[in-house]
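Student: Here is what each chain is made of, one letter per residue.
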Amino acid sequence: MRVAIVVFPGSNCDRDVFEAIKSISKKLPKFIWHKETNIENFDLIIIPGGFTFGDYLRCGALASNSPVIKSIRDHASRGGAILGICNGFQILTETKLLPGTLIRNNALKFLCHDLNVIVQDTLPSPFTWGFKPTTKLNIPIAHNEGNYYINDNELKKLKFNGQIAFKYEENLNPNGSVGNIAGVLSENGRILGMMPHPERSVLNHHNSLDGKLFFQNLMEQLLS
Amino acid sequence: MTIDVIIDIFPKKEVLNPETEAVKKTLSNLGYKNIDELVLSKQIKLSFKNLNEEDCIYQSKLMCDQILVNTNIQDYEISLLKKD
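If you read the sequences in order, they're chains A and B.
If you use the working numbering, the first sequence closes out at 209, no skipped numbers anywhere.
If you use the working numbering, the second sequence closes out at 627, no skipped numbers anywhere.
Simulated from the structure, these hints should not be mistaken for lab results.
Just so you know, not all the hints are guaranteed correct.
To be verified - Coverage of chain A stretches by chain B, computed from C-beta distances (three or more under 8 angstroms per stretch; other residues unrestricted):
1) 91 to 101
2) 132 to 138
3) 197 to 207
To be verified - Partial selection, computed: residues in chain A whose CB lies under 8 angstroms from chain B:
4) SER62
5) GLU79
6) GLY85
7) ILE88
Built from N, CA and C at the ideal position, the CB exists for glycine as well.
Whole structure, please, built from the sequences with the hints as guidance.
Tutor: As structure tokens, this is what we get:
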């Protein structure tokens, strides 16, 4: 299992993801600097959270034009798996590899706490298959722009295609996301963007180990 | 000759902007009760040299579509300001 972790100026969850993958996988993941242009032969590319380029212009906008993005697009077009966490999700929407946009939390506050996300009934995807739909995963969030916005027509398409991977619990939507959406899949199910941080619920000193379940399931699905 | 291009970027009407709502509410609390609409926009000014007007607008539009504007949530307007 070859995992790449893409690092931009301002990424700050890269080492957390590294430790999480290291604790689960037998093989160490590899850091990829955003200026690299050749990232072939990885089973999974992870774009971790952070504040890339200081969130200047819009969250993820500058990172989505970094040199590494072309290789990430090539990986996507080969059907490669990509996981964007938090700022990584924002970057994936800015590149348009995922639909929608993450705008400011409706309460205008940075949010950082544990919550439950609910696994949805999705199209075939290594990120969700292996979980029974309605499974609750306790995974923390930490974001200022996690309010997922997509227009009505596109939302209908997401629902119809089974591209909604995770939702926040009804009435416990922390940021105003349309349809309580916490995570979205690409049309082929090979790319996932999610606001919660699964790498922060993997190790024994974390509040939950549900992120470990998420990564274990993902690796099993990718290897199967 | 240089040509200045002003790009105004503002949120689409259908996207609820919590920042706009907060400013509007505060103004209302301050007694300004007759505000029908409030738009928080972002302005980018570019100065071009050795380009004609048409190309200035064309390049500005390309930049907007490529990176400066997220057209899912934002609209933009481009205006020109000629200088000697």
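Student: Find the hints from earlier in the document that the structure breaks and name them by number, from lowest to highest.
Tutor: Hints 3 and 4 contradicted; others consistent.
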